[in-house]
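Protein chains: 2
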Amino acid sequence: MDQEKDQRASETLEYAKDVVIQSIAETMDLYGVTPSAGKLYGTMYFSGPLNLDEMKDELKMSKPSMSTAVRTLQDISMVHKTWLKGSRKDVFVAEKNFFKSFIDFFCKKWDREVKINLESIAVAQQQLTDIMNDEEILSHLRETAQTYYTQLEESKKYYDWLTRLVASFRTGEIFDYLPIEE
Amino acid sequence: MDQEKDQRASETLEYAKDVVIQSIAETMDLYGVTPSAGKLYGTMYFSGPLNLDEMKDELKMSKPSMSTAVRTLQDISMVHKTWLKGSRKDVFVAEKNFFKSFIDFFCKKWDREVKINLESIAVAQQQLTDIMNDEEILSHLRETAQTYYTQLEESKKYYDWLTRLVASFRTGEIFDYLPIEE
DNA sequence: AAAAACGTTAAGAAAAAATTTAACAAACTT
DNA sequence: AAGTTTGTTAAATTTTTTCTTAACGTTTTT
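Residue numbers (our numbering), protein chains in the order written: chain E, 831 to 1012; chain G, 831 to 1012.
No wet-lab data here; the hints were simulated from the structure.
Errors might be hidden in some of the hints.
Treat identical chains as interchangeable: a pair holds within one or across any two.
Claimed, not checked - Here are the computed lysine-lysine pairs in the DSBU-like style, where the Cα-Cα straight-line distance is at most 30 Å:
id, residue 1, residue 2
1, Lys987, Lys890
2, Lys987, Lys915
3, Lys886, Lys911
4, Lys987, Lys926
5, Lys835, Lys987
6, Lys987, Lys939
7, Lys911, Lys938
8, Lys987, Lys938
9, Lys915, Lys886
10, Lys987, Lys930
11, Lys926, Lys911
12, Lys938, Lys926
13, Lys890, Lys945
14, Lys915, Lys986
15, Lys893, Lys938
16, Lys926, Lys915
17, Lys911, Lys986
18, Lys911, Lys987
19, Lys986, Lys926
20, Lys938, Lys986
Could you put the whole structure together from the sequences, leaning on the hints where they help?
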């Protein structure tokens, strides 16, 4: 009967979706993904399980692009592979729980930051100690070594704190302090 | 007297420094800066105030590169401009307080995420409501609109929580819950 | 067993980003 | 006021990244 109205409604629906997809893609640069991957995630956020062909039709891109994009999204736990009875194609669903994505992503990154830097600090401090303890070395060099050593030691407080922050996120303890939906 | 030993000590000092600079640069990808900017920050982390010419000599890069790199580091509050009596050159110092950098950076990014997405959600929900309330529209369209609306409404809990997380970081209240140097 | 479907890798093309040299504008010296 | 110094912008180049087409290996269907 009122086909025109339904047509318009359908377009409005698409538009409303696109507005959100666009802003999700835009802010996902913080997660270090390409705009394309961001747009893919945004699309999946509003869709059911998608296979690679459906993704490529949706974004009008090639299949290999979808393959790599969906893998990077998997790497940061923003999409998951599932099974769909009947079809032999891989299908993927977006992780819609932003808390999960947030925690998973940043904890991984922060862990890495702590690990890499603490390792290099350990190496550096060993060398610096050798210089500091050798009285035959020019005093201004030894003083510099001491300065660097102290600065690195100070920075450990941060890495320690970050480790505890990650733990609090991972266990969910953070939500005792800062509850969801206060 | 023992020039050789001092020479070796000096090299060891440089090496120790470089190890840390390298790892800082490597992990700073999370902050969305180029490797060059990361290396510049790492260098400044161990130096006093530097001007553009000193930076270019240190990193063996061009002056305009240093100019843009130092600006991106300023944008994320990882270096600050200071004044040095006598010289008319701009000099910059690295922010050595990692807590400050951390909070400043992520709060800015998270604020942006919240702002952009909440704005688009508001737009989208308005459109969706129009469809939901119009009984002349095909019911399956209206149901889809309802589904999207609910999903967006749900996501607001996350943005609300993120807003409170940012507030807690900004005020320093987070440190009551998770103290530095436990 | 041959053919088709599916996902990935490889190679090449296109697009984007980073870097350098050159040119410029403003502030300072003499 | 002419000439320097300093930082930035502009244009051109190089490098890196992204994306597509083509080829491949595996699994499934017929």
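- Please work out whether the CA atoms of lysine 915 and lysine 886 approach to 30 Å or closer within one copy, between two copies, in both situations, or in neither? Within one copy only: 21 Å inside, 60 Å across.
- Message: One pair to classify: lysine 915 and lysine 986, alpha carbons no more than 30 Å apart. Within, between, both, or neither?
- Response: neither (51 Å within a copy, 33 Å between copies)
- Item | Intra- versus inter-copy proximity for lysine 911 and lysine 926 (alpha-carbon distance at most 30 Å) | Classified as within; 14 Å inside a copy, 42 Å across copies.
- Which holds for lysine 893 with lysine 938 at a C-alpha limit of 30 Å: within a copy, between copies, both or neither? within (28 Å within a copy, 36 Å between copies)
- Taking 30 Å as the upper bound on the Cα-Cα distance, should lysine 987 and lysine 926 be classified as within, between, both, or neither? Only across copies: lysine 987 and lysine 926 sit 12 Å apart there, 35 Å inside one copy, limit 30 Å.
- Item | Within, between, both or neither, where lysine 911 and lysine 938 count as close if Cα-Cα is 30 Å or less | within (20 Å within a copy, 33 Å between copies)
- Query: Quick one: lysine 926 to lysine 915, C-alpha cut-off 30 Å, is that within a copy, between copies, both, or neither?
  - Reply: within (22 Å within a copy, 55 Å between copies)
- Task: If the cutoff is 30 Å on CA atoms, where do lysine 938 and lysine 926 land: within, between, both or neither? Let me know, please.
- Result: Both: 19 Å inside a copy, 23 Å across copies.
- Item | Within, between, both or neither, where lysine 911 and lysine 986 count as close if Cα-Cα is 30 Å or less | between (38 Å within a copy, 26 Å between copies)
- Within a copy, between copies, both or neither: where do lysine 886 and lysine 911 come within 30 Å Cα-Cα? For lysine 886 and lysine 911, only the intra-copy Cα distance (17 Å) is at most 30 Å; the inter-copy one is 48 Å.
- Query: For lysine 987 vs lysine 930, is the C-alpha pair at or below 30 Å within one copy, between two copies, both, or neither?
  - Reply: Result: close both inside a copy and across copies, 27 Å intra and 13 Å inter.
- Go through the copies and call it for lysine 987 and lysine 915: within, between, both or neither, with a Cα cutoff of 30 Å. neither (51 Å within a copy, 33 Å between copies)
The structure fails hints 1, 2, 5 and 14 (numbered hints given earlier, in ascending order).
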